[in-house]
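Peer 1: Please work from the sequences and hints to get the whole structure.
Protein chains in written order, with numbering that gives the first Met the number 0: chain A, 0 to 288; chain B, 0 to 301; chain C, 0 to 241.
Rather than coming from a laboratory, the hints here were simulated on the basis of the structure. Every clue listed holds true.
Selected chain B positions facing chain A (Cβ under 10 Å, derived; list incomplete):
no.: 1; residue: 50
no.: 2; residue: 96
no.: 3; residue: 102
no.: 4; residue: 103
no.: 5; residue: 108
no.: 6; residue: 115
no.: 7; residue: 121
no.: 8; residue: 126
no.: 9; residue: 229
no.: 10; residue: 267
no.: 11; residue: 270
no.: 12; residue: 274
no.: 13; residue: 277
no.: 14; residue: 278
no.: 15; residue: 279
no.: 16; residue: 280
Where chain B lies over chain A, by a calculated footprint (3+ residues, C-beta under 8 Å):
no.: 17; segment: 93 to 105
no.: 18; segment: 108 to 121
no.: 19; segment: 212 to 223
no.: 20; segment: 252 to 265
Think of the CB as a built atom: it goes at the ideal place given N, C-alpha and C, for glycine as much as any other residue.
Each chain, letter by letter, is given below.
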Amino acid sequence: MLTTTLILGLVLGGTYALLALGLTLQYGIARIMNLAYGEFALAAAFLAVALFQGIGLSPLLSLPGIAAAGYGAGWLLYQVMMRPLVARSGGGGRLETDSILATFGLLFLLQGGLLLAFGADFTSISHLERGVDVFGVPVAANRLIAFAICVLAGGALVAALRFTRWGLAMRAVALAPGSAPLVGIDVNRVARQGFALGAALAATAGASISMYQTFSATGGVVFTMKALVIVIMGGVGNVPGALAAGFALGLIETFVATAIDPGLTLAATFALFLGVLLWRPQGLFGART
Amino acid sequence: MIRLLLPPAALALLAVWPMMVSDYGLGLLIGAATYVTLASAWALFSGQTHYVSLATVAFYGTGAYAVAVLNEALPYPAVLLCAALAGAAMALAVGLSTLRLRGVYFVIFSFGLAELVRQLITWYEVNVTGTLGRYIFLDVTARGIYWQMLALGAATIALTAWINRSRLGMALRVIGDDEEVAAHSGINLARTKLAAFVLSAVILTLAGAITSPRYVYVEPSIVFNPTVSFLTVIMALLGGANRLWGPALGAVPLFLAFEWLSAHFPDTYPVLLGLLFIGVVFLVPQGILPAAERLMRRRAGA
Amino acid sequence: MSFLEIIGAEKRFGGLRAVDGVSFALERGEIAGLLGPNGSGKTTLINLISGALPMSAGEIRLGGRRISGLGRDRIARAGVARTFQLVRILPSLSLRENVMIPAVFGRRAHWGREAERVAAGALDLVGLSARASASAGDLTYIDQKRLELARALAAEPELLLLDEWLAGLNPTELAEGVALIRRLQGEGLAILMVEHILDAVRALCPRVVVMNSGRLIADEATAAALSDPKVIAAYLGEEADA
Numbered sequence: 000m001l002t003t004t005l006i007l008g009l010v011l012g013g014t015y016a017l018l019a020l021g022l023t024l025q026y027g028i029a030r031i032m033n034l035a036y037g038e039f040a041l042a043a044a045f046l047a048v049a050l051f052q053g054i055g056l057s058p059l060l061s062l063p064g065i066a067a068a069g070y071g072a073g074w075l076l077y078q079v080m081m082r083p084l085v086a087r088s089g090g091g092g093r094l095e096t097d098s099i100l101a102t103f104g105l106l107f108l109l110q111g112g113l114l115l116a117f118g119a120d121f122t123s124i125s126h127l128e129r130g131v132d133v134f135g136v137p138v139a140a141n142r143l144i145a146f147a148i149c150v151l152a153g154g155a156l157v158a159a160l161r162f163t164r165w166g167l168a169m170r171a172v173a174l175a176p177g178s179a180p181l182v183g184i185d186v187n188r189v190a191r192q193g194f195a196l197g198a199a200l201a202a203t204a205g206a207s208i209s210m211y212q213t214f215s216a217t218g219g220v221v222f223t224m225k226a227l228v229i230v231i232m233g234g235v236g237n238v239p240g241a242l243a244a245g246f247a248l249g250l251i252e253t254f255v256a257t258a259i260d261p262g263l264t265l266a267a268t269f270a271l272f273l274g275v276l277l278w279r280p281q282g283l284f285g286a287r288t
Numbered sequence: 000m001i002r003l004l005l006p007p008a009a010l011a012l013l014a015v016w017p018m019m020v021s022d023y024g025l026g027l028l029i030g031a032a033t034y035v036t037l038a039s040a041w042a043l044f045s046g047q048t049h050y051v052s053l054a055t056v057a058f059y060g061t062g063a064y065a066v067a068v069l070n071e072a073l074p075y076p077a078v079l080l081c082a083a084l085a086g087a088a089m090a091l092a093v094g095l096s097t098l099r100l101r102g103v104y105f106v107i108f109s110f111g112l113a114e115l116v117r118q119l120i121t122w123y124e125v126n127v128t129g130t131l132g133r134y135i136f137l138d139v140t141a142r143g144i145y146w147q148m149l150a151l152g153a154a155t156i157a158l159t160a161w162i163n164r165s166r167l168g169m170a171l172r173v174i175g176d177d178e179e180v181a182a183h184s185g186i187n188l189a190r191t192k193l194a195a196f197v198l199s200a201v202i203l204t205l206a207g208a209i210t211s212p213r214y215v216y217v218e219p220s221i222v223f224n225p226t227v228s229f230l231t232v233i234m235a236l237l238g239g240a241n242r243l244w245g246p247a248l249g250a251v252p253l254f255l256a257f258e259w260l261s262a263h264f265p266d267t268y269p270v271l272l273g274l275l276f277i278g279v280v281f282l283v284p285q286g287i288l289p290a291a292e293r294l295m296r297r298r299a300g301a
Numbered sequence: 000m001s002f003l004e005i006i007g008a009e010k011r012f013g014g015l016r017a018v019d020g021v022s023f024a025l026e027r028g029e030i031a032g033l034l035g036p037n038g039s040g041k042t043t044l045i046n047l048i049s050g051a052l053p054m055s056a057g058e059i060r061l062g063g064r065r066i067s068g069l070g071r072d073r074i075a076r077a078g079v080a081r082t083f084q085l086v087r088i089l090p091s092l093s094l095r096e097n098v099m100i101p102a103v104f105g106r107r108a109h110w111g112r113e114a115e116r117v118a119a120g121a122l123d124l125v126g127l128s129a130r131a132s133a134s135a136g137d138l139t140y141i142d143q144k145r146l147e148l149a150r151a152l153a154a155e156p157e158l159l160l161l162d163e164w165l166a167g168l169n170p171t172e173l174a175e176g177v178a179l180i181r182r183l184q185g186e187g188l189a190i191l192m193v194e195h196i197l198d199a200v201r202a203l204c205p206r207v208v209v210m211n212s213g214r215l216i217a218d219e220a221t222a223a224a225l226s227d228p229k230v231i232a233a234y235l236g237e238e239a240d241a
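Peer 2: The structure is reproduced here in structure tokens:
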């Protein structure tokens, strides 16, 4: 029983961690609080399903293309919508309010588009559902694949941020957007890359979710909410923190769903959020100031 | 003198209006009055402080649900009182845990609050009472609902006018400009924000309670419709959230536009809403009223 | 018992001790300079006294009453007013409103006529009363600094904390500023001023406290401190780094 919860929780947590990674990049680096984030992931999930049902393309194969499309969409969105807001705020606190409002509008725009294109029904595909034995616990292969994608993408991102010049620029902008230009970093470019990369991660997470979860066009808010809670738990902009917090949330949700009631998982998410806010508002892994 | 007499005269006119319209017209009047109330109540807190609350429907829905649960057990005034208390308690819990922190935590919490309350009530109804969905049988006519909502809306605007001139209003304006200066000037940030948030939430809850008999059948997914939160924010923003009459000015035309759009373009309606919202944020971020004031001043100056 | 007592004040940021066991006292009506090279912890100390940052250890007392651990607003109402190193005004409000705020929410909690009178008095003191209805966002940098001081004064404080308030003024304005501060002190206000303009410090402060790397390295008469080898070494050390 406990092993089952643990393994299923870790697998679910992998997807959550991936989902949160993108959001933490968008908020940490581009300073955009993207409330339409979940709709991005949903759009990717619908796309993966459409490709599977339409031309029989496995989500596993369409995933790189979907991730690339997510990057492109994020890039474009930053140029067209976010860049003017950034310019208008002049580096002040207004960007946060403006980006919240603009992406709140975007949320309804995307949700409306998804409803129009795919309807309001729940969608799922049964792909690679064969059980695989993991320490005596049968886990569907698609969940394991989603988990592997998360570990690969998350691990690659952590490594890239830590060991490459590109990662150094990203971290510099996240820490001190005001002083990064002094050392020759093009903040606008880095912010755009961070936002686009975040969108690519959202798309990756959405496509992997499509392989094993049932979802509908109106469910984006819950994805965004969970990603936000993970980001806060991990400390804003903290990639390893988001990974760890994602796994923690997966474990807690699975525990609540199996031991108490599946209808209370969102309540558990909120309780966790409240607990973190009251106890350590800077995040479980953030530095105390 | 005219400024003082105009609002009561207009209110009297609005109060007799339902005598001259069809049922459909009355429905429109109720809807417009509801959104004027919601947008004004939202702006009472969010307009001055810039703490964007996305939780309007969490309170509105709680009000409606409180009536659905209590309408057969208690007399109507007591039901309204219970609804108001439930809204106040919820606002206190949310405010106490998030308003002492950076604004973004409050936004995030308010963003998910409606979904949380909806899921909790659904869970409770399914697992504890075993019924999902309730009927409201109340002896309230549509006109009665309109008059109540009109009174609530007028009270909200009057309250806002009074707050704007009080210490509380002054403190809220300073908080909206610079919290650090506010604190070092002796303003208790948490208490000020909490007071305004709870007041605003109680009005939102009452608005939900008053309109609830119009639904007849109430279910969490009906009364916790996120579009309500969305419309409230865009209406207040369009009119000018930090002006007394701004939210009302934004609410009436937008409500009528949305009614027309949802009737004629039911499928593309959400997309149009989203586009309109983004348009407002980009083109008139301060709202129409402040923009018009600036234009007038420039004319006068030129 | 002194008016302001700072006892073993300490502030840690992670492993860094920005303020490290600082103790000194200030009497009612006394003015003292707070000196030290950049990064020595002066502004952090101002933040500790005004409650902008919580202390890691130690205690601060005002008039015998412990103020450390209280919120910023309560410290302000206890009679502590401050200016900011980077000037902070409320741009969307008028000058009069800017100055009314501490009069309304400060120590005496005035309202109506009385608040307007206090605000007008503070604006008058800094020479801005002619523009009371203007929007604060339209002011020049110097006038913003004046407004910020007026706002601090409208709180009718007993202790005024100035964080490089004289920085950036031209010679004429500097002379006016020095005269203004001297006049405030003459009215019985205790003033602790962080300042890099040593001529102004010599002119205003009979006594200075000097910090370096978070520690108090001197607390003595100004002339003595400015020829103190420890103090000179601290400043020279900064120049050698720069």
